[in-house]
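Residue numbers (the numbering used here), protein chains in the order written: chain A, 1 to 326; chain B, 327 to 652.
Hints were generated in silico from the structure; no laboratory data involved.
Certain hints may be false.
Label-pair restraints from in silico Cβ distances [as the list claims (entries may be wrong)]: (1) B:451 with A:114: 56 to 62 Å; (2) B:353 with A:142: 23 to 29 Å; (3) B:573 with A:198: 38 to 44 Å; (4) B:358 with A:91: 17 to 23 Å; (5) A:169 with B:427: 37 to 43 Å; (6) A:17 with B:360: 18 to 24 Å; (7) B:327 with A:255: 36 to 42 Å; (8) A:325 with B:580: 40 to 46 Å.
For each residue, glycine too, the CB sits at the ideal point set by N, CA and C.
Number of protein chains: 2
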Amino acid sequence: MVTLQDIEQAATRLDGVVVKTPLLQSAVLNERTESKIYLKPENLQHIGAFKFRGAYNRLSQLDAAARVKGVVAFSSGNHAQGVAYAAKLLELPATIVMPTDAPEIKLAGTRSLGAEVRLYDRHNESREQIAADIAEDRGATLVPAFDDPYIITGQGTVGFELMHQSADLQTMPDVVLSPAGGGGLLAGVSTAVKAINPQTEVYGVEPESFDDHWQSQRAGERVRIDGTTPTLCDALMATTPGEITWSINSQLVKEYLRVSEDEVRHAISFAFRYLKLVVEPGGAVALAAILHNKIALAGKHCCLVLSGGNIDGSLLADCLARYPEP
Amino acid sequence: MVTLQDIEQAATRLDGVVVKTPLLQSAVLNERTESKIYLKPENLQHIGAFKFRGAYNRLSQLDAAARVKGVVAFSSGNHAQGVAYAAKLLELPATIVMPTDAPEIKLAGTRSLGAEVRLYDRHNESREQIAADIAEDRGATLVPAFDDPYIITGQGTVGFELMHQSADLQTMPDVVLSPAGGGGLLAGVSTAVKAINPQTEVYGVEPESFDDHWQSQRAGERVRIDGTTPTLCDALMATTPGEITWSINSQLVKEYLRVSEDEVRHAISFAFRYLKLVVEPGGAVALAAILHNKIALAGKHCCLVLSGGNIDGSLLADCLARYPEP
Chain A
1 MVTLQDIEQA ATRLDGVVVK TPLLQSAVLN ERTESKIYLK PENLQHIGAF KFRGAYNRLS
61 QLDAAARVKG VVAFSSGNHA QGVAYAAKLL ELPATIVMPT DAPEIKLAGT RSLGAEVRLY
121 DRHNESREQI AADIAEDRGA TLVPAFDDPY IITGQGTVGF ELMHQSADLQ TMPDVVLSPA
181 GGGGLLAGVS TAVKAINPQT EVYGVEPESF DDHWQSQRAG ERVRIDGTTP TLCDALMATT
241 PGEITWSINS QLVKEYLRVS EDEVRHAISF AFRYLKLVVE PGGAVALAAI LHNKIALAGK
301 HCCLVLSGGN IDGSLLADCL ARYPEP
Chain B
327 MVTLQDIEQA ATRLDGVVVK TPLLQSAVLN ERTESKIYLK PENLQHIGAF KFRGAYNRLS
387 QLDAAARVKG VVAFSSGNHA QGVAYAAKLL ELPATIVMPT DAPEIKLAGT RSLGAEVRLY
447 DRHNESREQI AADIAEDRGA TLVPAFDDPY IITGQGTVGF ELMHQSADLQ TMPDVVLSPA
507 GGGGLLAGVS TAVKAINPQT EVYGVEPESF DDHWQSQRAG ERVRIDGTTP TLCDALMATT
567 PGEITWSINS QLVKEYLRVS EDEVRHAISF AFRYLKLVVE PGGAVALAAI LHNKIALAGK
627 HCCLVLSGGN IDGSLLADCL ARYPEP
């Protein structure tokens, strides 16, 4: 398991390396939800997403021999860029296995950070196999996207920071909402939040078509969904919770909320219009959940993680055109 | 004249009312400019622009009799929303005279804040006359957009904050860049910055087609440009520096930089892609200036004000389509 102390150590390791993202407020959002909302905008993190935290934390653990041989990872884009940027800072080679249909902004971003990108066809190739082959050929270390203690504690620094930033503002959130893909961010955040203030309730948010955490909680065990219904939330397309992440989230997360594709589009447009923040689909699910009343918040203090902002311009334009009004 | 002490008083007045916007950094921007860039994102301010600061500071000075009669202002949109929101908080009536071609997001925003909007045709009507008539009819107080000591000191809290936030980060900017429209923000910022650290150089940035400050500095006196060449920067369309603002800026501002319309479009797209911030044309001029090397920055610490984010979705989409790449 992962403890608050592990997360504190990660925070020390990441100090001065990651962006300590601010805790933002919005009068419009407060008024609309009749509550006090605090935003943790991880879209303002290096590479535009929280993933850099876990990646750097993991890569910094490699010994000299492992560093020379480099790392390999597979990802639709944010973990890819997180690993690529961490590898760049630590001066070690990185190969990233990415689907051909990854957002252009994520493909270009990963390449511009100096990583070698190996494209694969999501329908006919196994990214796990490709990555395993590269790891074997080169002796490279495989960096998992979420199911790893160092990845989880790295992401947990998001929760650690937001609790301390809340305390600095003389408040404690009643509720914390975080997106759930493989569950790494959620596991890290829930560990930090519950250890610092057990009364705070932590919720995970998923797209309706990738509700593996919601289904797993109902079933009382890890469920694998078929994952064939598409979603805009490319960052949240895990089909089953991670083994380690689920062992944490099944204990600490109160409930899972699900949002529709249109609710996500609306949240992206709302963030543009009122928050002046660029948020990608997977990064907008928690905002979508509160805008669409998936949880009763009146009078409460709520902190939500905007986990990333790597959205293609064409998709943003489409969301704005569909939801020009509040 | 306006002093640092006046700005400190404004800061006290605005404490807990305005958003204390964070000071952000971007590794991509640092690398690209070979310098250390700090961003003061006033697009994250209430109403999406710094204008709320000055408006609230000004309106809070009205006595009980004046409050009952309310206020009137003219503006293409950010001052409009700033006055409207300040009036809402202080519970007094506001009428705003706005051009028919103001950005939709600014018109809708002003109305949604409860202000009465009086539209006028920029080519055939005088907004000054319309506002003066309303002021006379109702006994309402006219709230100037920039040429007023309370407006200037309110906007000056941007400079006050950024200097203190820099100090908290154990740094002092060598250079501060701020957009220049009527010069209110620039006058407030330059007053605060130069009083706190006289070595810091302050620059104003204008669109090429509304370079009244640049021309005034060359001429050694306030110049009025004809203002018929259009610009995307609706927030910076003053045709001459303010009288009070110029008396300050002519003493404290080192130089003026000018950016083209395409450089502004590119900066908006860059902010989307790398900063994950929504910035309007007038708010992006300082960013455009450093991206397009209008000033030598290598090795320096530079703070720039992103003054607003109220851009229509269609214009943002156009900028992203024109500049899809870095």
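Okay, the hints, checked on the actual structure:
A beta carbon spacing of about 57 Å between residue 451 of chain B and residue 114 of chain A agrees with the range 56 to 62 Å that was offered as a hint. A hinted range of 23 to 29 Å holds for the C-beta pair residue 353 of chain B and residue 142 of chain A, which are about 26 Å apart. About 59 Å separates the C-beta atoms of residue 573 of chain B and residue 198 of chain A, a value inconsistent with the hinted range of 38 to 44 Å. A hinted range of 17 to 23 Å for the beta carbons of residue 358 of chain B and residue 91 of chain A is consistent with their spacing of about 20 Å.
A beta carbon spacing of about 41 Å between residue 169 of chain A and residue 427 of chain B agrees with the range 37 to 43 Å that was offered as a hint. Distance hint check: the CB atoms of residue 17 of chain A and residue 360 of chain B are about 20 Å apart, consistent with the given range 18 to 24 Å. As the Cβ distance of residue 327 of chain B to residue 255 of chain A is approximately 59 Å, the hint placing it in 36 to 42 Å is violated. Between residue 325 of chain A and residue 580 of chain B, the C-beta spacing of about 44 Å keeps the proposed range 40 to 46 Å intact.
Checked against the numbered hints above, the structure violates hints 3, 7; every other hint is satisfied.
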